[in-house]
Structures are given as C-alpha cells and as structure tokens.
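S.K.: Construct the complete structure from the given sequences, taking the supplied hints into account.
Protein chains in written order, with the numbering used here: chain A, 34 to 336; chain B, 34 to 336.
There could be a bad hint or two in this list.
Pairs involving identical chains hold if they fit within one copy or between any two copies, as the list cannot separate such chains.
To be verified - Keeping only pairs whose Cα atoms sit at most 30 Å apart, straight-line, the calculated DSSO-like set for lysine-lysine is:
(1) K281 x K87
(2) K145 x K281
(3) K281 x K140
(4) K87 x K140
(5) K204 x K336
(6) K204 x K145
(7) K140 x K204
(8) K336 x K281
(9) K145 x K87
Simulated from the structure, these hints should not be mistaken for laboratory data.
Number of protein chains: 2
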Amino acid sequence: MIAGVTAPSALLEPALRDIAVEVDRQFDQLLPVPDDARGDLYHAMRHSAIGGGKRLRPLLTTATADLFAVDRTCAVRAGTAIECIHVYSLIHDDLPAMDDDDLRRGKPTAHKAFGEAAAILAGDCLHDLAFEILADPETHPDPFVRIELVADLARAAGPAGMAGGQMMDLKAESEQFDLATVTRLQGMKTGALIACAVEAGAILGRVPPEGRTGLRGYARDIGLAFQIADDLLDAEGDEALAGKALRKDAEAGKETFLSLLGIDRAREQARMLVDQAHQHLRSYGTEADLLRAIADYVLERRK
Amino acid sequence: MIAGVTAPSALLEPALRDIAVEVDRQFDQLLPVPDDARGDLYHAMRHSAIGGGKRLRPLLTTATADLFAVDRTCAVRAGTAIECIHVYSLIHDDLPAMDDDDLRRGKPTAHKAFGEAAAILAGDCLHDLAFEILADPETHPDPFVRIELVADLARAAGPAGMAGGQMMDLKAESEQFDLATVTRLQGMKTGALIACAVEAGAILGRVPPEGRTGLRGYARDIGLAFQIADDLLDAEGDEALAGKALRKDAEAGKETFLSLLGIDRAREQARMLVDQAHQHLRSYGTEADLLRAIADYVLERRK
Numbered sequence: 034m035i036a037g038v039t040a041p042s043a044l045l046e047p048a049l050r051d052i053a054v055e056v057d058r059q060f061d062q063l064l065p066v067p068d069d070a071r072g073d074l075y076h077a078m079r080h081s082a083i084g085g086g087k088r089l090r091p092l093l094t095t096a097t098a099d100l101f102a103v104d105r106t107c108a109v110r111a112g113t114a115i116e117c118i119h120v121y122s123l124i125h126d127d128l129p130a131m132d133d134d135d136l137r138r139g140k141p142t143a144h145k146a147f148g149e150a151a152a153i154l155a156g157d158c159l160h161d162l163a164f165e166i167l168a169d170p171e172t173h174p175d176p177f178v179r180i181e182l183v184a185d186l187a188r189a190a191g192p193a194g195m196a197g198g199q200m201m202d203l204k205a206e207s208e209q210f211d212l213a214t215v216t217r218l219q220g221m222k223t224g225a226l227i228a229c230a231v232e233a234g235a236i237l238g239r240v241p242p243e244g245r246t247g248l249r250g251y252a253r254d255i256g257l258a259f260q261i262a263d264d265l266l267d268a269e270g271d272e273a274l275a276g277k278a279l280r281k282d283a284e285a286g287k288e289t290f291l292s293l294l295g296i297d298r299a300r301e302q303a304r305m306l307v308d309q310a311h312q313h314l315r316s317y318g319t320e321a322d323l324l325r326a327i328a329d330y331v332l333e334r335r336k
Numbered sequence: 034m035i036a037g038v039t040a041p042s043a044l045l046e047p048a049l050r051d052i053a054v055e056v057d058r059q060f061d062q063l064l065p066v067p068d069d070a071r072g073d074l075y076h077a078m079r080h081s082a083i084g085g086g087k088r089l090r091p092l093l094t095t096a097t098a099d100l101f102a103v104d105r106t107c108a109v110r111a112g113t114a115i116e117c118i119h120v121y122s123l124i125h126d127d128l129p130a131m132d133d134d135d136l137r138r139g140k141p142t143a144h145k146a147f148g149e150a151a152a153i154l155a156g157d158c159l160h161d162l163a164f165e166i167l168a169d170p171e172t173h174p175d176p177f178v179r180i181e182l183v184a185d186l187a188r189a190a191g192p193a194g195m196a197g198g199q200m201m202d203l204k205a206e207s208e209q210f211d212l213a214t215v216t217r218l219q220g221m222k223t224g225a226l227i228a229c230a231v232e233a234g235a236i237l238g239r240v241p242p243e244g245r246t247g248l249r250g251y252a253r254d255i256g257l258a259f260q261i262a263d264d265l266l267d268a269e270g271d272e273a274l275a276g277k278a279l280r281k282d283a284e285a286g287k288e289t290f291l292s293l294l295g296i297d298r299a300r301e302q303a304r305m306l307v308d309q310a311h312q313h314l315r316s317y318g319t320e321a322d323l324l325r326a327i328a329d330y331v332l333e334r335r336k
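M.R.: Laid out in structure tokens, this is it:
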C-alpha cells in the first residue's frame with residue numbers, strides 16, 4: 034500500500050544520498066580530464082554527469098540488485114551505465130534544435146556552457162561510455178550477464194525505446210495525440226530506461242526472464258507514474274527547485290497526461306499506478322521496502 | 034609489395050560490390066519504417082545508412098574474418114554494426130554546429146533532408162543499433178565473442194577513439210598542431226574505427242590478442258594511409274565524384290598531413306605506409322590477398 038508520506042522515508046533518504054555519492058565517484062574515476070585538445074569534451078561530460086540529478090535509475094538498479102544479494106560495486110557500475118544514457122539524452126534533448134533549454138539541474142545546459150559541438154560530442158561519448166562500462170569485466174565477471182545488460186540497454190535506449198519516444202515527443206507539438214498514444218510515447222521516452230534500470234538489477238541477480246514478471250510490472254507502473262508526476266510538476270512545480278524551465282508543455286500546445294486527463298484525474302491515475310506497483314512487489318518481504326519507498330517517492334517528489 | 038594498379042583489382046571489385054549489397058540488405062531488414070510518429074526518424078536513418086559509401090569498414094571485417102573461416106553472416110553483421118557507428122558519426126559531424134555540410138555521398142545530409150532534430154536522433158539511434166546488433170546471438174552464438182566485440186567497438190568509438198579525435202579536429206581550426214599531434218588526432222578520428230573493423234574479424238575468428246599483432250599493424254598503417262589519401266582527395270579530388278564538399282581543410286586553416294608535409298612527401302608517406310601494411314601480412318598466404326588489395330585501394334581510390 035502507499036505509505037502516504039511526503040518526505041522521503043527513513044529508508045529512502047540515506048539510499049538517495051549514498052547512490053548520489055557512489056555515482057559521482059564512478060563518473061569522477063571514469064572521466065579524468067586528459068591534457069590535450071579533448072579538455073572541453075571531458076569537462077562537458079563531467080559538467081553534465083557529475084553532481085546533479087536524482088539518480089533514480091541507478092537507485093532502481095541497486096535496490097533491485099539488493100533483492101538478490103548482488104555485489105554492490107557491480108550494481109553501482111551497471112546503474113552508472115544506465116545513468117550515462119540518461120545524461121546523454123538530456124544533453125541532446127536540451128540542444129537548440131531539440132527542446133532548446135538553457136538550464137538543467139540548476140546549471141547551464143552543456144551547449145550553453147561548452148558550445149553546441151562539444152555538447153553533441155559529450156552526449157555521444159556518454160552514450161558510448163555506457164556500453165564500455167557494461168562490457169568491462171569489473172561490472173560482472175560473467176560475459177553472459179554483461180551481454181544481456183548490453184542487449185537490454187541498447188534496446189531501451191534506441192528507436193524502439195527512449196530515442197524513439199523522444200522523436201514522437203517532438204511530433205507531439207504538431208500532431209494531436211490521444212491518451213493511448215501519449216501512454217505509448219511516454220512508455221518509450223521515460224518508461225523504457227526506468228524499466229531497464231530495474232531489469233539490470235534482475236539480470237545481475239541472475240533471475241531468469243520468467244521470474245521477472247512482478248519486477249517488470251512494478252517498473253512499468255512507476256515509469257508511467259513518474260511521467261504523470263513530471264507533468265504535474267511541469268504545471269505546478271517551482272522552477273528554482275526543479276532547476277530547469279517549467280510550463281513548457283502547455284506553451285508548446287503538447288498533449289500530455291495532464292491536458293488529456295485534467296489535474297485531478299491525472300493525480301488519481303498516478304496514485305493508482307503506484308498502488309499497483311506495490312501490488313507487483315507483494316511476493317517480496319521487507320527486502321523490497323526500498324523499492325516500495327521509491328514508488329512512493331516517484332509520486333511525492335518535489336523536483 | 035604495392036600492386037601499382039589504379040583500377041580496383043579483380044579481387045577487390047566484386048568484394049566491394051558484394052559487401053555493399055549485403056550491408057544494404059542488413060540495414061533494410063533492421064530498419065523497417067513503423068507506422069507511427071517515428072517515421073521521419075527511420076527515414077533519416079535509412080537515408081544515411083542505405084545505398085552509399087564505400088563500406089570499407091564492413092569489407093575489412095569480412096576480409097579479416099575470411100582468414101579464419103568465420104561464418105559470412107556473422108562477419109557481415111559485425112561489419113554492419115561498425116558501419117552504424119561510422120554513419121552515425123557522419124550524420125553528427127555534418128550538423129551545422131559541427132562541420133556544417135550540405136552534401137554527403139552525393140545526397141543532402143540528414144539534417145538538410147529531415148531537419149536537425151531528426152538528424153541528431155537518427156545518429157543517436159544508429160549509435161545504439163550498433164550495440165544492439167553486436168549483442169544479438171545472431172551475430173555470434175558465443176557471448177564471450179559478442180562482449181569482446183562490444184568492448185572493442187565502444188572503446189574505438191568513444192572519447193579515446195573516434196569521438197575524441199573529432200573533438201581534437203574541431204580544435205585544429207584554432208590551435209596549431211604539429212605532425213605528432215595530427216598523427217595522433219587522425220589515429221583516433223579515423224584510425225580507431227578502421228582498426229576496430231579489422232580487430233572484429235580477428236575476434237570473430239577467435240584469434241587470441243597475442244596472435245593479432247600483424248593484423249593490428251596492418252590496420253594502423255592503412256588507417257593512416259587512408260587519412261593521408263583523404264587529405265590528398267580534399268586538395269585534388271573531384272567534388273562530384275566525392276559526393277561531398279572538398280577543399281574545406283585549407284579554407285578552415287587546419288593543419289593536416291598535407292599542410293605539414295606538402296603533397297609529394299604526403300603521397301610518399303602514404304605509399305610507405307601501404308608498403309608497411311603489406312609487410313605486416315607477410316605471414317599470411319593468398320588468403321590475405323583481399324586485405325592486400327584493400328591496402329592498395331585505400332591509396333588509389335578516387336572517392
């Protein structure tokens with residue numbers, strides 16, 4: 034059931050703090066700035082990757098991996114790889130030709146700070162780094178596990194997942210989408226990578242596909258709830274707290290969960306999804322309490 | 034020794050023709066246009082990936098794989114994955130914020146034909162598709178082989194390889210590089226992916242790293258020779274035949290092999306490298322004749 038708390042739970046708060054430190058440490062180690070003409074490229078990657086964001090995806094990977102007693106370093110590395118894809122997509126989505134944003138995570142966007150060319154390349158390099166991390170034996174000694182992580186992430190990030198969803202989202206300004214299409218779009222744009230973060234924890238835990246049904250249901254439901262919460266924040270949130278421009282969907286005339294359902298029904302729908310996410314975890318005991326707290330957080334977060 | 038031919042050899046011509054057909058067929062099968070708002074994304078990918086280019090990288094993979102009797106489908110798939118990276122890099126390099134080119138392979142560049150947003154995303158999706166192909170069991174049944182292909186390609190494409198070289202190349206317009214730096218830059222920008230194409234053939238052939246020394250030397254030498262030939266084509270070539278704008282390096286005031294060495298010494302250097310590439314293949318018999326023909330072609334090509 035929904036915990037009904039608005040502040041992060043006693044379980045969630047230290048978990049969010051820990052994963053933020055661990056992911057930052059990974060990026061810091063993975064991206065030492067070389068003493069040559071690539072300096073700006075690495076500075077742009079570090080600017081976008083280090084010291085910001087909720088780290089929701091790495092947290093989902095480590096929280097899921099915890100169910101199966103996976104080595105913490107493996108889970109943090111896999112989560113960092115998924116975060117690489119998330120950060121690269123933010124860099125490219127913020128470009129003038131895409132969403133044209135100046136502010137991200139309370140800082141200038143990469144192209145504002147380092148120019149468009151360096152930003153495009155920094156995104157490309159983080160995209161690449163994701164697969165470099167996953168292919169490295171340090172992420173998991175078993176190549177079967179590593180190649181499954183690679184396959185799953187490539188699928189989630191590509192034209193059938195995140196990037197495909199972003200393309201549909203760009204079209205949403207000129208085409209009128211119905212609720213089914215918006216649901217599919219958001220399932221790809223945001224949901225696919227969130228699902229991948231949970232799936233990665235199960236892959237690291239060597240859970241066979243048929244044992245992942247509950248976790249997949251959980252991931253699908255919190256992915257949609259996350260997006261509805263995002264729409265609500267876009268409409269009602271505080272720009273300073275969010276660290277980015279808000280109210281953009283309405284200005285662009287895009288159909289969203291909010292425009293299609295209205296605020297009250299959208300909020301109700303998100304609550305229902307979070308409740309359903311809890312139901313998907315019913316076969317797990319207290320070891321899944323962090324995943325439960327994350328489901329509540331997705332809805333109650335203020336940024 | 035160098036064959037001294039200017040026309041593609043009797044061995045090379047059908048090999049170039051075959052790989053072009055096979056790679057086009059792969060892309061055609063991998064990129065069916067969906068009946069939804071992602072149409073432009075897929076059309077942009079197909080526009081850039083199908084029906085153009087020399088397919089040098091897939092040819093290097095299949096020609097190397099042939100030394101070790103690798104299944105043809107595996108080699109073509111791995112070569113197509115590497116070509117995905119090459120094509121994505123062309124799409125992004127052609128963007129207004131990068132090299133700002135209107136013409137590529139005799140056609141409008143992706144952003145000219147489909148707009149910048151679709152071009153950025155099409156590049157991102159082809160980047161992704163490369164790893165999706167390599168992670169697929171159809172590329173090779175053994176996950177050890179697949180994960181090594183992934184690791185090698187991610188390294189070759191990222192900040193320590195192609196993308197890092199492109200960043201250095203952007204800086205070449207404002208900084209004065211010496212010959213050692215230009216050699217390193219080009220080794221990353223062009224050489225890394227060419228080396229990866231040869232390495233992929235050896236990985237598919239289960240050649241242990243210590244058995245790849247000759248092939249690596251061959252790849253390094255033809256990679257540099259390829260770039261010098263590119264500089265010569267940029268200075269002396271025919272725009273209509275090249276299918277892209279030429280004479281851009283001199284206009285931009287970039288140091289290249291040509292500006293640093295002069296035409297005669299640059300040509301001599303390229304010949305020496307191709308000769309050296311032949312030497313690296315001396316332990317192989319006639320089974321390496323196609324690789325030898327490719328080395329000559331790299332220098333003698335007219336586009």
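S.K.: Could you run down the list of hints and mark each one as holding or not?
M.R.: Against the structure, the hints come out as follows:
Proximity of K281 to K87 under the C-alpha cut-off of 30 Å is restricted to the intra-copy arrangement: shortest distance 21 Å within a copy versus 44 Å between copies. Taking the closest pair of Cα atoms, K145 and K281 come within 30 Å of each other both inside a single copy (19 Å) and across two copies (27 Å). In this assembly of identical chains, K281 and K140 lie within 30 Å of each other by CA distance solely inside one copy; the values are 18 Å within and 36 Å between copies. Within a single copy, K87 and K140 get their C-alpha atoms as close as 14 Å, which meets the 30 Å cut-off; across copies the closest is 43 Å, which misses it.
When the C-alpha separation of K204 and K336 is checked against a cutoff of 30 Å, the pair qualifies only within one copy, where the shortest distance is 26 Å, while the shortest distance between copies is 37 Å. Within a single copy, K204 and K145 get their C-alpha atoms as close as 25 Å, and across copies as close as 18 Å, so both meet the 30 Å cut-off. When the C-alpha separation of K140 and K204 is checked against a cutoff of 30 Å, the pair qualifies both within a copy, at 27 Å, and between copies, at 25 Å. When the C-alpha separation of K336 and K281 is checked against a cutoff of 30 Å, the pair qualifies only within one copy, where the shortest distance is 15 Å, while the shortest distance between copies is 46 Å.
For a Cα distance limit of 30 Å, the shortest separation of K145 from K87 inside one copy, 22 Å, qualifies, whereas the shortest one across copies, 37 Å, does not.
Checked against the numbered hints listed earlier, the structure breaks none of them; every hint is satisfied.
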